[in-house]
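Participant: With the sequences and hints as input, model every part of the structure.
Here's the letter readout for the chains.
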Amino acid sequence: MSVPMLAVQDLRVSYGGIQAVKGISFEVGAGETVCLIGANGAGKTSTLKALARMLPASGSVVYRGADISERPPHALIGLGLTLVPEGRGVFARLSVEENLAMGAYHRRDVADIAADLEHVYQLLPRLKERRRQLAGTLSGGEQQMLALGRALMARPQLLLLDEPSMGLAPLMVQKVFEVVHSIAEQGVSILLVEQNARLALTVSARGYVMESGLITLADRADRLLDDSRVRQAYLGGD
Amino acid sequence: MMPAPIARLFPRAQPKAAAFTGLLIAAAALAAVPFVLGMNFGNSWVRIVDFALLYVMLALGLNIVVGFAGLLDLGYIAFYAVGAYLYALLASPHFGLHLPLWVILPLGAACAALFGVLLGAPTLRLRGDYLAIVTLGFGEIIRIFLNNLNAPLNITNGPQGIANIDSMSVAGHALEKPLVLFGIALPSLYLFYYLFLALAILTMFICIRLEDSRIGRAWVAIREDEIAAKACGINTRNIKLLAFAMGASFGGVAGGLFAGFQQFVSPESFGLLESIMVLCMVVLGGMGHIPGVVLGALLLAILPEALRYAARPMQIWMFGRMLLDPEALRMLLFGGALIVVMLFRPAGLWPSAIRRREFASAEKET
Chain L
-4 MSVPMLAVQD LRVSYGGIQA VKGISFEVGA GETVCLIGAN GAGKTSTLKA
46 LARMLPASGS VVYRGADISE RPPHALIGLG LTLVPEGRGV FARLSVEENL
96 AMGAYHRRDV ADIAADLEHV YQLLPRLKER RRQLAGTLSG GEQQMLALGR
146 ALMARPQLLL LDEPSMGLAP LMVQKVFEVV HSIAEQGVSI LLVEQNARLA
196 LTVSARGYVM ESGLITLADR ADRLLDDSRV RQAYLGGD
Chain C
53 MMPAPIARLF PRAQPKAAAF TGLLIAAAAL AAVPFVLGMN FGNSWVRIVD
103 FALLYVMLAL GLNIVVGFAG LLDLGYIAFY AVGAYLYALL ASPHFGLHLP
153 LWVILPLGAA CAALFGVLLG APTLRLRGDY LAIVTLGFGE IIRIFLNNLN
203 APLNITNGPQ GIANIDSMSV AGHALEKPLV LFGIALPSLY LFYYLFLALA
253 ILTMFICIRL EDSRIGRAWV AIREDEIAAK ACGINTRNIK LLAFAMGASF
303 GGVAGGLFAG FQQFVSPESF GLLESIMVLC MVVLGGMGHI PGVVLGALLL
353 AILPEALRYA ARPMQIWMFG RMLLDPEALR MLLFGGALIV VMLFRPAGLW
403 PSAIRRREFA SAEKET
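Residue numbers (the working numbering), protein chains in the order written: chain L, -4 to 233; chain C, 53 to 418.
Derived by calculation from the structure, the hints in this document are not laboratory data. Beta carbons: idealized from backbone N, C-alpha and C, even for Gly. Mixed in with the good hints there might be a few duds.
Said to hold, decoys possible - Per the computed footprint, the stretches of chain L lying under chain C, defined by three or more beta-carbons under 8 Å from a beta-carbon of chain C, are: (1) 22 to 30; (2) 59 to 71; (3) 82 to 88.
Facilitator: Quick look at the structure:
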């Protein structure tokens, strides 16, 4: 088997005395979309933040064969690992285009950046219409699109997506997931953290279910969609 | 008139010429300011404008920290104090040292920058109110140190302050003496004006260049969302420390100029009220917008002085006698002006286009 894009072993995160993530292990293969689903407070976001080195954590995080658990957070984007933070995190008082440019902050290849900007505008035409507008004046869904577009400007190999559906209208959630799907089709590996389990599982190849800091189920996405426990707990089925 | 194709070969010729004349007129107007003021209102007004230029430098420095990087600093005057005391110690009979201005100013900038990092390092994880309280404490610590560092070893001469500081000399001429140039006698206050003006313009230029640089963009990104900034590959720790250091170094230079101008420094010049005053200049003018900040600094430095002159005749004219001391009235009107500005122009007197749009759209939504 080839080297996985991301291999996590025994990851632990704690806030003071409280353990939010209690030793989890999982993998994301090259070009694979994997989701991490679970209820509020299961430790999903903490896991993602720990992977992006924004939280102190123990355990090993191997990205493309190299341990990154000692790397500073700002160095990861240069390695092709990009986080789209929870709550979108767009720069509200910068224009749409300036936001996208910030995604390429670490890059120096001006010509390629311009080409990538056009590429993002093709994928997200709405952003092109609003390129001069302040990001803070966009709707929630557009802001999520902008956050995705900004992440693409970094030419990621692995995207860490933190709840892209949060606070969006159902129709907008659909659109956001279409974009996520087309990003995945371009060969970008994706680790998706979601509360919207059904949608997350439909775009993913595999899924992990997290409950109070531990991974309790791991399987192919289609089997998880059929799993009676998952249906009962997260999909509202019988 | 040039034929169109040839004109196209020199597309920038005319605007350039226009910009050049504009610049020339502005320069002439700025050069004439002390003469106009001195002849019509007396030299004390030139002195007030000299001080206003120092405040312009201070406000521009604080604007880097508060306006660009979004880090609320209530102890900014401490860096002014560091610069001023460094000048006082290195160019006065206190230690018997008499270093020249061009040695002390860069030293003052560097020393203040170091203090900026000292303040920044322990506060990297703080934002908003919490950061404000720590910076406020920092400002007071510096002032109290200056007040008490006269024993066991007399470094700052305590509350008495340091007197008889050397005046500044530029190109071999001491600015405390008038200079005769082409038959025109330039009083000392005018010379200070030109020096401060040159440095204030330089500060402005540096600020404008910084705003458009990668560093400036990184500051703004941190102000907007620190986690997203980190995710964009910005080394937030270094960039924040840089904001503190750069802002502080401008304060340090202004402090050095203050010491050389006053020829006397004491801790009471560097109280909390001064920090708040500089912050008000930034907020009132338009946070993050360089022309606005300059306007705010000039207004808040000059208007209270104007009031001091106007209060007495106004009261006698209205009530027939003096009711209120101008000093008390000054703070009252100052507070009132702040409230009025914040009510009617919440983004500041002269905000950047972006801030104005933002406040306008916020009003539409509510």
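Participant: None of the hints should be skipped; say for each whether it holds.
Facilitator: Now the hints, each set against the structure:
1. 22 to 30: violated (count 0)
2. 59 to 71: Result for this restraint: holds, n = 5.
3. 82 to 88: Satisfied; 5 residues make the cut.
In this structure, only the earlier hint numbered 1 is contradicted, and the remaining ones agree with it.
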